[in-house]
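Q: Quick note, the sequences are listed as chains A and B, same order.
When we follow my numbering, the leftmost residue of the first sequence carries the number 1, and every step to the right adds one.
When we follow my numbering, the leftmost residue of the second sequence carries the number 1001, and every step to the right adds one.
Hints listed in this document are in silico derivations from the structure and should not be mistaken for laboratory results.
The beta carbon of each residue, even a glycine, is placed where N, CA and C say it ideally should be.
All the pointers check out, no bait thrown in.
Computed footprint of chain A on chain B; a stretch qualifies when at least three of its residues, placed anywhere within it, have a C-beta under 8 Å from a C-beta of chain A: (1) 1051–1058; (2) 1099–1108.
Straight-line Cα separation of at most 25 Å, DMTMM-like style, residue types lysine to aspartate or glutamate; simulated pairs: (3) A/Lys282 - B/Asp1100; (4) A/Lys90 - B/Asp1068; (5) A/Lys282 - B/Glu1101; (6) B/Lys1045 - B/Asp1090; (7) A/Lys355 - B/Asp1068; (8) A/Lys365 - B/Asp1068; (9) A/Lys225 - B/Asp1090; (10) B/Lys1103 - A/Asp366; (11) A/Lys355 - B/Glu1082; (12) A/Lys365 - B/Glu1101; (13) A/Lys365 - B/Glu1096; (14) A/Lys355 - B/Glu1019; (15) A/Lys365 - B/Asp1100; (16) B/Lys1103 - B/Asp1090; (17) A/Lys365 - B/Glu1072; (18) A/Lys225 - A/Asp271; (19) A/Lys282 - B/Glu1096; (20) A/Lys355 - B/Glu1072; (21) B/Lys1045 - B/Glu1071.
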Amino acid sequence: MDEVRLKQYKTIKPANSPEFDVPLRYFLTGLLFFVLFSVGLMWLSPTYFKTYDDPKIFALVHTAVLGWITMTIMGAMYQLFPVALWAEIKSMKVARWNFWLYAPAVAGFAASFYVGFTPGIALFGLLIVGGIVHFSALTIQSVKSIKNWHIMAPYTIAAQGWLIVTILFGAAYALDWYFNWFDVSPHLLAAHVSFGLAGWLSLTLMGVSYRLMELFALSQRRSYKLAYINLGLWNFALIGLGISLIFFSNTPAVRIFVTLLLASALIYTLDLLHLFMNRRRKSITLEHGFIFVSLTSLIAGGALAAFMTCTNTFPNNYLVTYGYLLIVGWLGFAVVGKYYKIIPFLTWLHRYAPKAGFKTAPLLKDLYSASLGWASFTLMTAGFSLTSFALALHVYKVLDLGTILYFFGALVVAYNLLTIVFPIKTPIRSTGVKQIEQQDT
Amino acid sequence: MSSRILDIPDNLLKQQVLEMLANVYDPELGIDVVNLGLIYGLECKEGKIFVTMTFTTPGCPIGESLADIVEETLSLIPGVTEVIVNITFDPPWNVEMISDEAKRELFGE
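Could you build all of it, start to finish, from the sequences and the hints given here?
A: Below you can see the structure in the form of structure tokens.
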């Protein structure tokens, strides 16, 4: 006791721990949309070679960004706000209602786009706006109760702001497209897509990735300077890009702000890689594999965007490749990698934590098959790489092979993750340090 | 075992407490809380157990649960009337607090 200065803290009880069912229902529904999206990629592969401006492609894109990725992020927020930020979710009852408002609305919205049913798009679109405003109100209320402030907090708060802006611009685009009030719908669409991808989704994933890399790889950083520089530069560039897209779309301003976003993406990538290189746990985990593909796609997609803004004319498939790299590569791979951390953790907390000290409760890594995890990673990466090259080089046959491999990868991911929640056999704890001590003696 | 536990008198209850704590694993790292160096202090007085422990970092998603598990595990020891777990981040935990055996397991050192 002499060497350690002890301070009496009030015992921290997991009073704010997430309820199992709320994040889980978002994750499982997100997983379902993920598989549906991978089916859609195969099914619609001839269409997006011709044009991106097609209701079926809109259905596919919204299945990914609203169904799969946003649904997963919403679930993660209900889990991470209490456990990582020590913030209180005001009402889990309201959170449950939010799911039943949002999930069917996304399904209806994507289906309406697919069949070209305009009243359905309007109705379900309104419900989505309601669901997101509802979700944002709940999380913004929680921000006030954050007790453990760290880098994830400003990133997620900024992302919440962009989520609202994205929805507003999406609604403005839909109204202007339908009523033809100002005839600026292409500019509003470009701003809507940029705010959604770069604001809401990217900032959330950046903040969460910083935190999870520190926690799970035992990386202790000395300074958060680069992380804050990236946050400031990213938001500045995105505000500038939004204004430029709407008011100065044919000026060098767009090019300047896209280049600034690329510079910010490079800062983030280098910062995360620095954190990775300084980790104490040297093993390469499944999540690391997904992060590497994700970061590579971010830089490739950003470079392609910068290239497109520098040239006045570019083929349609470049724009599709850009969207694919960012949605499937940058965002999608990051989300799947995090599934392998957050779903085992949530399940362990609910199912095995109460028994952890008394029985040989499994570790997180014992809850799923690592070999199946790597198999899914290999299939997804191979499929994603083939599809990216096929889109960029306009090679139809390779595109088919790529989307098929990606689909099988998605199936393996879904199976592997479902066995965590619904185990086929009881997981057994793997070797721990006690066994090593026995071997030593 | 080079843990951070200091000033432990040689009595049965404390030995039992240590044995019980060696079963409480961090589910991500696969190392028990004693070898991980999370237990800063331990005292037993008239059936009451006072544990002072930390987390690998404030906001560790497992931390809160580990503290709860420690409390529940120790309360199972016959004769124990109360378990009080205090959380401290002073000094902050760092990887050098991990036992040598656990370092070999985690880092291959």
